[in-house]
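Take the sequences, apply the hints, and build the full model.
In the order they appear, the protein sequences are chains A and B.
When you line the first sequence up against the numbering used here, it's residues 762 to 982, in that order.
When you line the second sequence up against the numbering used here, it's residues 20 to 258, in that order.
Treat the hints with caution; some may be incorrect.
Said to hold, decoys possible - Below 27 Å or equal to it, Euclidean Cα-Cα: the simulated DSS-like pairs (lysine-lysine) are: (1) Lys850(A) x Lys834(A); (2) Lys107(B) x Lys850(A); (3) Lys107(B) x Lys834(A); (4) Lys834(A) x Lys895(A).
If you're looking for bench data, these hints aren't it; they were derived computationally from the structure.
For clarity, every value in this text was computed on a predicted model and none was experimentally measured.
In case you want the letters, here they are:
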Amino acid sequence: MIDKQWSSFADAVADVFPGARILVSGFGDAGLPFGLLHALATTGVSGLTVVSNNAGTGDDGIEELIRNRQVAKLICSYPRSVDPNWFEKRYLEGSIELELVPQGTLSERIRAGGAGIAAFYVRTGVGTDFAAGKETREFHGHDWLLEQAIVADFALVRAYRCDRWGNATYRKSARNFGPTMVAAAKVSIVEAEEIVPLGTLDPEEIVTPGIYVDRVVVDAA
Amino acid sequence: MLPENVSIAPAGVAEPLGWSPLQIAIRAYEDLAEGQYVNLGIGLPTMILAAAQRGSKEVIFHSENGILGLRDIHGEGERDPDLIDAGKNPVALVAGGSFFSHAESFAMIRGGHLDVAVLGAYEVTVAGHLANWSSEQARPSGIAPTSVPAVGGAVDLAANARSVFVLMKNVERGDGLRLTSESALPLTGRRCVTRVYANLGVFRPTGSAFLVEELADGVTRDYLVARFAANRVLVEFAN
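Printed below as a string of structure tokens:
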């Protein structure tokens, strides 16, 4: 019997190793896997590269990892926050590396990583600083930039309802990067709001088919 | 050569001349057509939702984080932490609205399916170049940064939306202007701005000048000509 359920956040992230590259879902607080991130912070593992849309605010989520100096590099589209954040402190003191990526290029690089595409051309960023060091090629009379796929060792993703096969649904705009990230990591770990019996999720409504998911942990909080 | 009764106060000190932010949003909303799909950026562009509330057109608003059909919340009871706009503020969904992933959202943007992207800006040039993601000029290597850069989806939208409307709260910045001949700021996109809706009026970058399509209430042609001439920015008038 296939059962991808794990009993705790701590067990589910215990094999994250120093220097691992980790995809983290979420846009602002929506869809951020707070439980998995806190468990990861507790392990103390460091040298991580985190790929996520934001750096966060406050003292939890990705901010807890950054505060603890567990993150060596952040690949991100919008690390700035209205309130002072730990990322700002670490970045200005020069202790964390930042790769700033336009948001759609970030999501497509992850999508490509999960879909077996090495690189692709986009018009986004042509003639700007984001074109630095990238191949430019003309198609149909326009310049396009070559962007490369992102793959990772782990994905930490927040979902709504999951079953033991890892089939998942999402809630509203908390879907954001989740369905894309689960496909682009060697080990994808889903934090679910609720686990339902196999067959409960309407096949027409499943957003993430379980093939992409390795571990499911229910958020007991 | 400025009229004597006009003071040029630093930004933030005096109320900007002309239209208020809501009036700017209402004026931009007038140029959106029924049936259009329109992305809203963060800050001032989200006031378009307030303008739409007063209108009766079916304009479908897009948020980069995977929403078509967003609207303002009607009271705190509608607040849902899982339903936020690009600026992380709570929004609600109209009947017929939908949710999708970031990958889908930006495939939609890059695929040219958005009729209009409404964005904010630090500077727009006469060529239609947009600078809206970093207010820090290029830094020599070896010099430590003084602020955190953040770009979001602006570069994607500038390069791929069919037209780009810029909403600007205050064209004037001290003695300077945010409508410029050249920009020293890092660019979001080149030759991408269709029109600028600002406190002083409606402007179209033509390549060499700003064509003034409309003057805001309380802004005279003489004032504008003098103000732009003092900054060596060409303005032209539609009539």
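Practice task
For the pair we were handed, Lys834(A) and Lys895(A), check the Cα-Cα distance against 27 Å.
Solution key: Holds, because 20 Å separates the two Cα atoms, which is no more than 27 Å.
Exercise for the section: Take a quick look at whether Lys107(B) and Lys834(A) sit within 27 Å of each other, Cα to Cα. Expected result: Measuring from Cα to Cα gives roughly 24 Å; hence the hint holds.
Exercise for the section: For the pair supplied as a hint, Lys850(A) and Lys834(A), confirm whether the alpha-carbon distance does not exceed 27 Å. Expected result: holds (14 Å)
Exercise for the section: Decide if the proposed pair is consistent with the structure: Lys107(B) and Lys850(A), CA atoms, cutoff 27 Å inclusive. Expected result: Given that 27 Å is the threshold and the Cα spacing comes to 22 Å, the pair holds.
In summary, the structure agrees with every hint in the numbered list given earlier.
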